[in-house]
Structure formats: C-alpha cells, structure tokens
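From just these sequences and the hints, can you work out the full model?
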Amino acid sequence: MEFGYFSMPSHPPERGLKEGHDWDLQTIRWLDELGFSEVWIGEHHTAPWEPHPAPDLLLAQAMLQTSSIRLGPGGFLLPYHHPAELANRVAMLDHLSGGRLNFGIAASGLPSDWAMFNVDGMSGTNREMTREALDIILKMWSADEPFHYDGKYWKVDKPDTMFGFLKPHLKPLQAPHPPIGVAGLSKNSDTLKMAGEHGFLPMSLNLNPGYVRSHWDSVEAGARKGGRTANRNDWRLVREIFVADTDEEAWRLSVGGMMGRMMGEYFLPLLSNFGFKEYLKHNPDVPDSDVTVEYCAKRNWLVGSPATVAEKLEQIYEDVGGFGQLCVFGFDYLENPGAWRNSLRLIQEEVMPRVKHLVPQAPAARLAAAQ
Numbered sequence: 001m002e003f004g005y006f007s008m009p010s011h012p013p014e015r016g017l018k019e020g021h022d023w024d025l026q027t028i029r030w031l032d033e034l035g036f037s038e039v040w041i042g043e044h045h046t047a048p049w050e051p052h053p054a055p056d057l058l059l060a061q062a063m064l065q066t067s068s069i070r071l072g073p074g075g076f077l078l079p080y081h082h083p084a085e086l087a088n089r090v091a092m093l094d095h096l097s098g099g100r101l102n103f104g105i106a107a108s109g110l111p112s113d114w115a116m117f118n119v120d121g122m123s124g125t126n127r128e129m130t131r132e133a134l135d136i137i138l139k140m141w142s143a144d145e146p147f148h149y150d151g152k153y154w155k156v157d158k159p160d161t162m163f164g165f166l167k168p169h170l171k172p173l174q175a176p177h178p179p180i181g182v183a184g185l186s187k188n189s190d191t192l193k194m195a196g197e198h199g200f201l202p203m204s205l206n207l208n209p210g211y212v213r214s215h216w217d218s219v220e221a222g223a224r225k226g227g228r229t230a231n232r233n234d235w236r237l238v239r240e241i242f243v244a245d246t247d248e249e250a251w252r253l254s255v256g257g258m259m260g261r262m263m264g265e266y267f268l269p270l271l272s273n274f275g276f277k278e279y280l281k282h283n284p285d286v287p288d289s290d291v292t293v294e295y296c297a298k299r300n301w302l303v304g305s306p307a308t309v310a311e312k313l314e315q316i317y318e319d320v321g322g323f324g325q326l327c328v329f330g331f332d333y334l335e336n337p338g339a340w341r342n343s344l345r346l347i348q349e350e351v352m353p354r355v356k357h358l359v360p361q362a363p364a365a366r367l368a369a370a371q
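In UniProt numbering, the protein residues as written are 1 to 371.
No farther apart than 27 Å at their CA atoms in a straight line, the calculated lysine-lysine pairs in the DSS-like style are these: (1) K277 with K187; (2) K158 with K171; (3) K312 with K298; (4) K155 with K171; (5) K158 with K139; (6) K139 with K171; (7) K356 with K312; (8) K152 with K171; (9) K139 with K152; (10) K187 with K312; (11) K298 with K356; (12) K139 with K167; (13) K155 with K139; (14) K277 with K298; (15) K167 with K152; (16) K187 with K298; (17) K277 with K312; (18) K225 with K152.
The following label-pair restraints were derived from C-beta to C-beta distances: (19) P146 with K187: 38 to 44 Å; (20) P146 with H282: 51 to 57 Å; (21) R252 with K152: 48 to 54 Å; (22) E278 with L34: 31 to 37 Å; (23) Q361 with H282: 26 to 32 Å; (24) P179 with T292: 32 to 38 Å; (25) P13 with G226: 38 to 44 Å; (26) Q315 with P179: 25 to 31 Å.
Keep in mind the hints are simulated off the structure, nothing from the lab. Quantities reported herein were computed from a predicted structural model and do not represent experimental measurements. Quick reminder that beta carbons are idealized off the backbone N, C-alpha and C, glycines included.
This is the structure we're talking about:
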C-alpha cells in the first residue's frame, strides 16, 4: 500500500488566498520529502472553505519545489474549460513536471459553481459535458490528422498546417497521456463507471466503508462494459487521518483542531444540504442529528496512535475488499504546522510499515485463485 494526499485545498474563510496557497506549497514539499507517492489538488470557484480556482497554478510552483512526488489536479472541472485549451495546457504542464503529472478530472458538484457558469447540474448536464470534453481532449492528444468535432457543447477543429509552419503540435510528455484519475461519491457512481470503462484511476471520497464498498461495483461494471479487467491496485481511497504519539493527543489535535472546525462549519452542513449525511452513517437508522464531528471521528476517521491507525486502516481494507493507495485528506494547520507535519511523518514512518502487507491481488492472480 502507498500513501498519497488529496487536497481540496481547504482553508478557513479568514485565511488570505496567498497564505493558503503558501501553506499548500509547504505541505507538498513535506509530502515529497517524506516519500508520499502523489498529491491531488481540487478546483472550486464559489466555496470560501475551498478557495482555489486553478490547481495548475499551485502545481506549476510545486513542480519546481519537489523532485519525485507525482502531482495532479484532483481534478479539473471539465464543464468550465474549453477542451482544446485545456488539452494544450495539460500537455504543457506534463512537460513542466518532467512526466510526474497525473490528470484528475471531475464534473463539478457545487450548485453555486453551476450557477456561476450557467451549467444545469441538476439535469446531469455537467456529467454530459465532462464526457464530451474528455473525448475531445483525448482526441486532441491522439489524432495525427486534422479533424472537426461537432459536439453538443463544443465544436473543435484540429486544423491542417497553414503557411507551411503553423500547426497544432502540443502533446503530453507521457505517452499516450498522463494517468487519468476520476473521483466518485455516490452509490452506482457514473464517474466511477467511466473510470472502469476506460481504465482510469478510480478515487473514492471520504465516506463510510459500507458505501465505499459499492464504488468498486461501479468500477467493475464499467470495466465489463469496456472489455477491461479492473485492478484494485489502481483504486484510491480518500480518508481523514491524524496520527500522534497517543490516541488522546490525536483526538485533541483532530477533533479539537482544524479538522474538527472545517468538518463542523463546512463539510457536514454541505453534505446535509445534499442529503448525503447517510453516506457517513455506520447504520441507516442513525438520525442525521447524531452525525457530528465526534461521530465521524469515531466511525470514519483514522485518528490515533500509529498502532491504532494501522489497525483501523486494516479493518477498512478488509471491509471494502482491498485497494492500492490511501490518500490523506488535506487540512490547513497553519496555526499548528508541527502537529500536521508530525502526523504526515508518522504515517510514513510508523503506519506504513504496519500495513505494507496489504497488497491487492492482481486480476490474473484473483482469476486463477477462483478456478
């Protein structure tokens, strides 16, 4: 098992935009130094608790300040970008990264973002636009000949050479393209089905293991449609994690720190407005009012000493049937940076050795074992 990092990025509303940006850069430097495998940076436009509208601005700087960690948007909100422009920008970003870029994509889930860009998310237009935009981007990268794409939302041309020297020429460094990651939230997730269908990296956001287990069903359903065999080693799970020397200290620093504040002031109210609190419950009979920060810390978060967190992680691994990478959910601990860095250090130095045996079987091995 490997450990990565998923950052909204999240910052308290009073945090200055540059202050938050600089905190994210510092965290990415730590992640690189500590040996984390990858980091994903989100894009949002109308959420003061998720204030970064352009993950590539952060990533371009991080590429200059790190040496080995893979970096990527987590992800670009495809309905809000012209696909030809984004194809060229991502291709250039891949070259700047030296081939360390992951390309995360998303359909956008905030109604306030839909309103800003006049996208009808309630009818699923955002998902349709995401599929069309990705189709155009992949065609821009793969087609050698000129083409005209007459889509429902975009009309794009890859023109022939003009004047003998003007022509489309931008393609990613990684062939045929950077690894593509897709995040999913709900049961029967369409985006995770798309991940399975096309062989993309599926990522399950931070929910109760009972719901996350159903995500792999979506990945496998998509894989069957695409004639592929899904590999659990590609599956990323995002989780709130805080590790300290003792369980008591970890609880105090998480529930009583920025993790608790962000969840209480923003994330839980957001899920409640969507009717998604059920995704956090260990039992559907639990009243919504009982789903508090403390409830989540006890039932869903991985909080405690290294031994406690490793034990909880192994249980989640067994509950969902295995996965290849755990992504730490990012928080802003600018007022107590040492505690957050120490938690990241303990994850790599103390938790990882305890869970290194958790390796999903490759698809061929699983098939052989079943025969």
